[in-house]
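Please model the entire structure based on the sequences and the hints provided.
What follows is each chain in one-letter form.
Protein chains: 2
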Amino acid sequence: MSERSTGDTGSKSAPILALVEETIGRELLDAEQILIEELSSSNPYVSDVLQHITRFRGKRLRPILLLLTAQAAGGIRHEHKVLAAVVEMIHLATLVHDDVLDDAETRRHVATVNARWNNETSVLFGDYLFTHSFHLASSLETTYGCRMIGRATNIVCEGELSQIKERGNLDLSEEAYFRIIDGKTAELTALCGQLGAHYAGAELAVVEALERYGRYLGLAFQIADDVLDLLGNERKTGKTLGSDIEKQKLTLPLIRLLNRASEADANAIRQLLLHPEENTREKLAPYFANSDALAYTQQRAQRLAQDARQQLDVLPATRARRILAEIADFAVQRTF
Amino acid sequence: MSERSTGDTGSKSAPILALVEETIGRELLDAEQILIEELSSSNPYVSDVLQHITRFRGKRLRPILLLLTAQAAGGIRHEHKVLAAVVEMIHLATLVHDDVLDDAETRRHVATVNARWNNETSVLFGDYLFTHSFHLASSLETTYGCRMIGRATNIVCEGELSQIKERGNLDLSEEAYFRIIDGKTAELTALCGQLGAHYAGAELAVVEALERYGRYLGLAFQIADDVLDLLGNERKTGKTLGSDIEKQKLTLPLIRLLNRASEADANAIRQLLLHPEENTREKLAPYFANSDALAYTQQRAQRLAQDARQQLDVLPATRARRILAEIADFAVQRTF
Chain A
1207 MSERSTGDTG SKSAPILALV EETIGRELLD AEQILIEELS SSNPYVSDVL
1257 QHITRFRGKR LRPILLLLTA QAAGGIRHEH KVLAAVVEMI HLATLVHDDV
1307 LDDAETRRHV ATVNARWNNE TSVLFGDYLF THSFHLASSL ETTYGCRMIG
1357 RATNIVCEGE LSQIKERGNL DLSEEAYFRI IDGKTAELTA LCGQLGAHYA
1407 GAELAVVEAL ERYGRYLGLA FQIADDVLDL LGNERKTGKT LGSDIEKQKL
1457 TLPLIRLLNR ASEADANAIR QLLLHPEENT REKLAPYFAN SDALAYTQQR
1507 AQRLAQDARQ QLDVLPATRA RRILAEIADF AVQRTF
Chain B
1207 MSERSTGDTG SKSAPILALV EETIGRELLD AEQILIEELS SSNPYVSDVL
1257 QHITRFRGKR LRPILLLLTA QAAGGIRHEH KVLAAVVEMI HLATLVHDDV
1307 LDDAETRRHV ATVNARWNNE TSVLFGDYLF THSFHLASSL ETTYGCRMIG
1357 RATNIVCEGE LSQIKERGNL DLSEEAYFRI IDGKTAELTA LCGQLGAHYA
1407 GAELAVVEAL ERYGRYLGLA FQIADDVLDL LGNERKTGKT LGSDIEKQKL
1457 TLPLIRLLNR ASEADANAIR QLLLHPEENT REKLAPYFAN SDALAYTQQR
1507 AQRLAQDARQ QLDVLPATRA RRILAEIADF AVQRTF
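Protein chains in written order, with the numbering used here: chain A, 1207 to 1542; chain B, 1207 to 1542.
No lab work stands behind these hints, which were simulated from the structure alone. Keep in mind that the hints are not guaranteed to be accurate.
[As the list claims (entries may be wrong)] Taking CB as the label site, the calculated pair distances span:
no.: 1; chain 1: B; residue 1: Glu1381; chain 2: A; residue 2: Asp1535; range: 54 to 64 Å
no.: 2; chain 1: A; residue 1: Gln1257; chain 2: B; residue 2: Glu1488; range: 40 to 50 Å
no.: 3; chain 1: B; residue 1: Leu1410; chain 2: A; residue 2: Gln1257; range: 28 to 38 Å
no.: 4; chain 1: B; residue 1: Glu1469; chain 2: A; residue 2: Asn1324; range: 28 to 38 Å
no.: 5; chain 1: A; residue 1: Arg1232; chain 2: B; residue 2: Glu1381; range: 36 to 46 Å
[To be verified] Some chain B residues close to chain A (C-beta under 8 Å, calculated; not the full set):
no.: 6; residue: Val1252
no.: 7; residue: Glu1326
no.: 8; residue: Val1329
no.: 9; residue: Phe1336
no.: 10; residue: Ser1345
no.: 11; residue: Cys1352
no.: 12; residue: Glu1364
no.: 13; residue: Leu1367
no.: 14; residue: Ile1370
no.: 15; residue: Lys1371
Virtual Cβ for every residue (Gly too), placed ideally from N, Cα, C.
Printed below as a string of structure tokens:
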């Protein structure tokens, strides 16, 4: 979905990024190098598309999470760099397929694969990235990485399928919403924490805590992204917005808005959602102004960020741990 | 692509199937059971689609190849049954994505996922099957299976991407055609031979010979399928035909037809291919009648079947080996 976070942490994230750079800059570069080498093909067509999609890349949230949790949980090893490339590749695969599902035109100010080439190329190219990531994961010594990655990506797909099924359901419950984003977004960030800790040799309790950290963080990030899709600025975010409304996907702010509106207002809002137009976002604005929906959504996201931070208590006080805590704060503060 | 063989071996294959049943019937049933158990989901939507696609299943060419080569190369172990379920799942994933690429309406007399649900569901469901197959492969003890499967499926995607790129290229060479089908079809049948032999404990030379057997067989099968797409009967094959022409994908019979036609005929044929219509297949028939294209195509396929059979020389004379040889013959004799 275009509303899935690309992990773009924008200009406000500069202080965090500087800290990340200082702490795991070299390892991040190594992971980047692995990704670039893996994503090169002797087939000129494949190579063209590969070249193009590297321009989608955001601030590399998932590799950063994986490497930072590794650092915080015992130290970064070669496996972590490979796995950082793997999770980024999986993320790219989901973005390419999301864009074809959403008929999105741009991604990070760049034409999507479906817009630049066609839907067929997008579908196959997403498959190419998925299978490539699995192949790369299988270069590790044990099957642990493959198992965890296979399981998590499968859950991601199931989450996305549920989302498709619930499209147009204007009675979607908060619970169902959370189940969907837990699958489509949080499962992969949870995987980053889990793999980071496991391959650093951390004990099971730490692995589980960092998996939860990643999960709560992913949920908070996704909620923030859903708010952006409703209220964001296309120029700043660099992607097509309003696609949740266009695709009749209910997100937390809308669910709360409908739940708390008067019957008359709720009916009017439903009418707007049933017939999405270019300016539906603007038409919804007055309802949001009279509702606690945005404050409530923000509060839920903040609570999740706090839950994420709490998981870090199992770790010794290191710079990596401090940055992980800051990323949790940032996830819900960004407005772009 | 709808022209990718489903492995439907139809009624003429009855004697072979009876032999298969006798030889590896129990193991095939075990693999089937693993597939069914794996392809069950607590999510009712996912479960519905899963239920639906089991109706696409053909004669299980890939699991049969994997189990027969295992039997012929040393004996079937538990790993083979798991891997047989894995390759069938991958094959199903490619069929689901092929149908969305081809806008196909039916597959084995059943509505395709895109026709019954929508393109989004098809894309995600294919992803679901891909990731599930990798997860299942990672349940094995070593990473060998994951590595070989990751590599092969990646090559399959690259082959399909090349095919998309060459669509509309009416000057496609035979060499380019063979490169495409080697990727999109033969890589997976080669994988079946390789995995069958490797997990049976066969020595490297045998593993490589059975990989080649699978590759030649896959090429022969695909050529036969491409002929069917041109000349077949929709009722018998149970799928939408003529889609290669509709999608302007040049296959071996058409490449040969164009190469050997007079300039005037070649121009007329190109015009037909540039503006595909419902009855383009019929309009091409007189050109085929005056050409060696079909005989030549048949000859190429037969030669490949023979090459496949020759690879079996490394094996001791067993019933499994004999059936593998018969499958090679059958691959090019089927007309449905």
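Violations among the numbered hints, reported as their numbers in ascending order: none
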